[in-house]
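Number of protein chains: 4
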Amino acid sequence: MIIMRKGASREEITSVVNDLKAHGLGADVSTGEIRTVIGIIGDETKISATHLETLPGVKEVRLIETPYKLINREYSTLFDGKAESRIVKIGKVEIGSARPVFMAGPCAIESKDQLMTIAEGVKSAGAHILRGGVFKPRSSVHSFQGLGSTDESAREALGWLREAGDKYDMPVVTEVRGESQVKIVAEYADVLQVGSRNMYNQDLLIQVARTGKPVLLKRHFGASIEEFLSFAEYLAASGNKDIILCERGIVPVGRGKSFTRYTLDLQAVPVVQKETYLPIIVDPSHAAGRRDLVMTMSLAAIAAGASGLEIEVHHNAKEARCDGQQMITVSEMGYLIEACRRLSESLQPFRMTGMGDKCIN
Amino acid sequence: MIIMRKGASREEITSVVNDLKAHGLGADVSTGEIRTVIGIIGDETKISATHLETLPGVKEVRLIETPYKLINREYSTLFDGKAESRIVKIGKVEIGSARPVFMAGPCAIESKDQLMTIAEGVKSAGAHILRGGVFKPRSSVHSFQGLGSTDESAREALGWLREAGDKYDMPVVTEVRGESQVKIVAEYADVLQVGSRNMYNQDLLIQVARTGKPVLLKRHFGASIEEFLSFAEYLAASGNKDIILCERGIVPVGRGKSFTRYTLDLQAVPVVQKETYLPIIVDPSHAAGRRDLVMTMSLAAIAAGASGLEIEVHHNAKEARCDGQQMITVSEMGYLIEACRRLSESLQPFRMTGMGDKCIN
Amino acid sequence: MIIMRKGASREEITSVVNDLKAHGLGADVSTGEIRTVIGIIGDETKISATHLETLPGVKEVRLIETPYKLINREYSTLFDGKAESRIVKIGKVEIGSARPVFMAGPCAIESKDQLMTIAEGVKSAGAHILRGGVFKPRSSVHSFQGLGSTDESAREALGWLREAGDKYDMPVVTEVRGESQVKIVAEYADVLQVGSRNMYNQDLLIQVARTGKPVLLKRHFGASIEEFLSFAEYLAASGNKDIILCERGIVPVGRGKSFTRYTLDLQAVPVVQKETYLPIIVDPSHAAGRRDLVMTMSLAAIAAGASGLEIEVHHNAKEARCDGQQMITVSEMGYLIEACRRLSESLQPFRMTGMGDKCIN
Amino acid sequence: MIIMRKGASREEITSVVNDLKAHGLGADVSTGEIRTVIGIIGDETKISATHLETLPGVKEVRLIETPYKLINREYSTLFDGKAESRIVKIGKVEIGSARPVFMAGPCAIESKDQLMTIAEGVKSAGAHILRGGVFKPRSSVHSFQGLGSTDESAREALGWLREAGDKYDMPVVTEVRGESQVKIVAEYADVLQVGSRNMYNQDLLIQVARTGKPVLLKRHFGASIEEFLSFAEYLAASGNKDIILCERGIVPVGRGKSFTRYTLDLQAVPVVQKETYLPIIVDPSHAAGRRDLVMTMSLAAIAAGASGLEIEVHHNAKEARCDGQQMITVSEMGYLIEACRRLSESLQPFRMTGMGDKCIN
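The listed protein sequences correspond, in order, to chains A, B, C and D.
Counting in the working numbering, the first sequence runs from 1 upward without gaps.
Counting in the working numbering, the second sequence runs from 1 upward without gaps.
Counting in the working numbering, the third sequence runs from 1 upward without gaps.
Counting in the working numbering, the fourth sequence runs from 1 upward without gaps.
No wet-lab data here; the hints were simulated from the structure.
Incorrect hints may have been included.
Note that identical chains are pooled: a pair holds if it fits in a single copy or bridges any two copies.
Below 20 angstroms or equal to it, Euclidean Cα-Cα: the simulated EDC-like pairs (lysine to aspartate or glutamate) are [said to hold, decoys possible]: (1) Lys257 / Glu65; (2) Lys59 / Asp151; (3) Lys59 / Glu11; (4) Lys257 / Glu226; (5) Lys167 / Glu187.
Looking at chain A on its own, in the form it has when it is part of the complex (with noise of 0.2 angstroms):
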């Protein structure tokens, strides 16, 4: 990190930028109510702490061994003077403000009418943002794959959720598989959602955060914490902080029946808040892989501070194409939003004194 004097010109800024330039580095500048901080992209041994210290405008230089810097809570404190969260803003909807935001569709999209019903559907709920896959990613290849399986019909389907969105006053998500899915995608989504397993796919990562839409990232069901943030810092370091990062569940563990298809790590959420700035929601859905626990594991999600969730809602699970059976029907998604709502409201006076904010995180 390289702190820059306050009132540093624009010109000694951007001296400083070119000079990691020259050093084959990249730069993050990012200017806050106190003073501009330059975040240098790439391995910081290519150059010296005090070579940079003697370049105009250059307050104090910072080598921060962590693999997420620019991510990093504390980052944001050098810059604005206090630890902000970051706001991601997807349209009318924050993410990351002290109100639940709630995702919701089908696991894939599958016909017009079916996805048409859920979203009027998951609008009534109460449901702030659209879900529906077109790209799925599957486990076997005999699958149903989605109907992003042509160019034609992955164009249809990704139409249909537009217009559903559009139709209804909801942003709308959808999954990118791979990298020659950005550009379509990007064309048609408000948030590009990045799936689990390709947590630890850079390329994918670096061309998605370029597309300068929103992402939403799933921590890899094999990953650490430490590796989710290190793959979330692709995203940051390609120029894209509007990164909202998303827990859905670890491998299981141990001998005998698990009961569930992953374990749902929640500690995830509060440890994410103190280590970067950015918003985490979780998705409980996938990591029961079972719709009877859903709903308390919403609950348990919003409890630990998540800035929203992801559901998979259909009108009709037992015909459903995929996941049939971990979605929830539209009526339990309102009953659902209702809950979490009266739980978070129940917790703001906690989570305001100043106890809380060293106890409730």
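Based on these hints, arrange chains B, C and D on the given structure of chain A.
Showing chains B, C and D alone in chain A's frame:
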């Protein structure tokens, strides 16, 4: 399971039990509102269902494959006609009702003063049960092992615990680490805790169960839920169904920093409630291993439906001889209880409707 | 699986394939010594077995539930009448025979000099295939990402690799990290490696398979063996069965020091050999993450029946820009190959008897 | 560690030990070829190094942070001047030398006939030590628990084991499952086995160690290597260094079929050998849980440097009352031993050169 006819006589029941004994099997006789059901303890293949069905008073025989039969929720429906959850009573405290129970106290009892100070504090904070370790399980033989290292100091420390419980009107819970400690602990404590490391210790479980005192059984950090319940079954098969289960975190998975000592598996709460009729509580202190997550994860645990919490509290955590970094203060404990109660109350309307039954577990 | 009658005509086969296509399904036609078998690619529920059995030339239809059908060992017995293992040929090198194959080279290609020096060294040490990374997957965006960061430097580095392979008469293998690199890597390399982090990347797998080049697929560190094989199936379903599987370690479990980067799961070797007809090799360098275990674990891998090893070798590990701590020297590599060969030969008599068939896998 | 001067007198040593005792600490006195070293048992912060260095005969004090000090390879170099591995002697059998030791026998002793038949078989197959379970740890209370369920049948079964061992000239090993069994097992067995589930059972470890008999300690399936060694330290701190460690698999990770009961972590073999001076063996039977992997993984274990194997053998596995699916036959055992010996011999030249020292661990 041997389902007796309605109105089966005492003689008929005894005769079935004796028949089982003659085959080297044990019997768990449960008489409910509807009828009597006899659970077979031991290897069912030793006896034929056809034979059992010829015995007087027997209505039907159902062989169940699961390793946990006596604590199975289904089992209780057979004689009570409804899936009643069990409420474990410890003096005036009830675990398993809608009202969450708070157990609090120091990791290890260090002195009478320390214990009395903390006991007074947690009582006024609203805790129901006092905890305090005498026989400490430790990863290193070179660490402080608790005051239980000699028989004399063990009795002394257990006496303080009893005195503190009596003085502040709280039942007391403490860990039995080895078989040779069962007798002495049962003399002083109201609840016998079997720690995570001893979950697989079947000899200890049998002896603890036989004291007749309620048992608090913690999930091993490497155990699947199926294994957890299979070992709780050892308690029930030894004639003791006053079992309180406790989730306290499982081994972390993945490479890189995990930021917590264990992964708290809150999905275990609703899963255990669906599989068995036993109450389950949560210990967020050991899962996190750091005090700044305890409040947040307590709230998440209550939201997930936990019947209570076990929390480590110290009046002077920095000087604690064990686990200092995860203990919270007395005033934080009061704050935590207050927040958990509000949360619990805010969810009551949702838990009580018919829909909630399906949704909130 | 559609089992054709002996002597089914080309027209009959084509007609079945067309029928599948009409139902939106793909076909994998395998003609062996006994008969032709047609594997169905895609969701089998779209078509009825009864219908298929009425088609001319069809003897029998077997619907298989497993997500890996085309690489299943059982599948190959249907048309060949015996459970033949597949030998993947790369120039003169055969992977899957009794003779272990050694792939060696630097983690990352750093310069032409570095690569040529190591290539000469590993050739004289007895290696068969040269490895060298151009597109490096890295946990931190701030670490050296390989020479593949620009198109120009990527082509230059790939050219050196090709040149070194030709000069020292070794086929070359290198990793394809993203979809946009498939074309360029296929121009230069003999084997395309899909790294652990991309195992779940189905879009990449499909594109890599379609190049027609042999593919080296590494198991993801969070994947069960079932998932590993399910994703290898993506390659086969894309028409490429020249698949070499590779075990390289899974995420460590437990609290406290693990002493290695990953847990090397050598049971995967015989399990994969029983489940599929594909060869499997082992990468002990990444599993251990430290050079002093590489020799020992190489021996263990060969004893477990691995068809080969992929080892990181450097002439000057201390100055390596990536993974220096796990690379061994050229002379250690020679020593390792010599020891592995002796071990492999000492086990030949046991692997070849009838009893060995049952016992040594 | 308190390093005494060369030629320190007996009085000086006793005086240091007494000083430690006065501070509530224990002492492990090791006198080697070079000098005497005194390991401190307990919490070193209770005493000051400066004070210790003033005591007569003391040369130097080194405080070591690791939870395993007394079994640390470094410790032994202090008094012997070289990193000697420990050879545990059980009658004529030596564990820890270049020659692998084979322990074989049934999972559970079922009858005298069964045991004698198997004992004769494994002896002629080349086994060195006879194993057989009397106190069986079981996941389900409803499964066969071994003949140890009553005191009388336990003594009878242990008597057969002793008799079989004497008749066929093999030392015998059997598991102690609970504290109350320590005395009786020590009367009959030559080696006391502490099973995987009891690795964390410090009370049992202390009592087992105090019998003075060699102890076979299995790694818990949820334990890191650091934890494994920390609990082995409990044995050494109780005055018993005749410790044989055993790797037997850790909990599987991931979603989907794992195909084996546990993940066999063979990297543990060289890691343990580097960290401590204790011998380590491998149990492939429990790791795999299926007999068709036992031979292959035995070879891999020996190649990894294991000092021996513990294998479950039965003359009629299909009728075995426990673990039938993983026991191999007597003739397979003979075949396995023969193959392991050849493999071990083929590697001798590599293990003995200077280079091998660095490379093969």
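Provide an ascending list of the numbers of those earlier hints which the structure does not satisfy. 2
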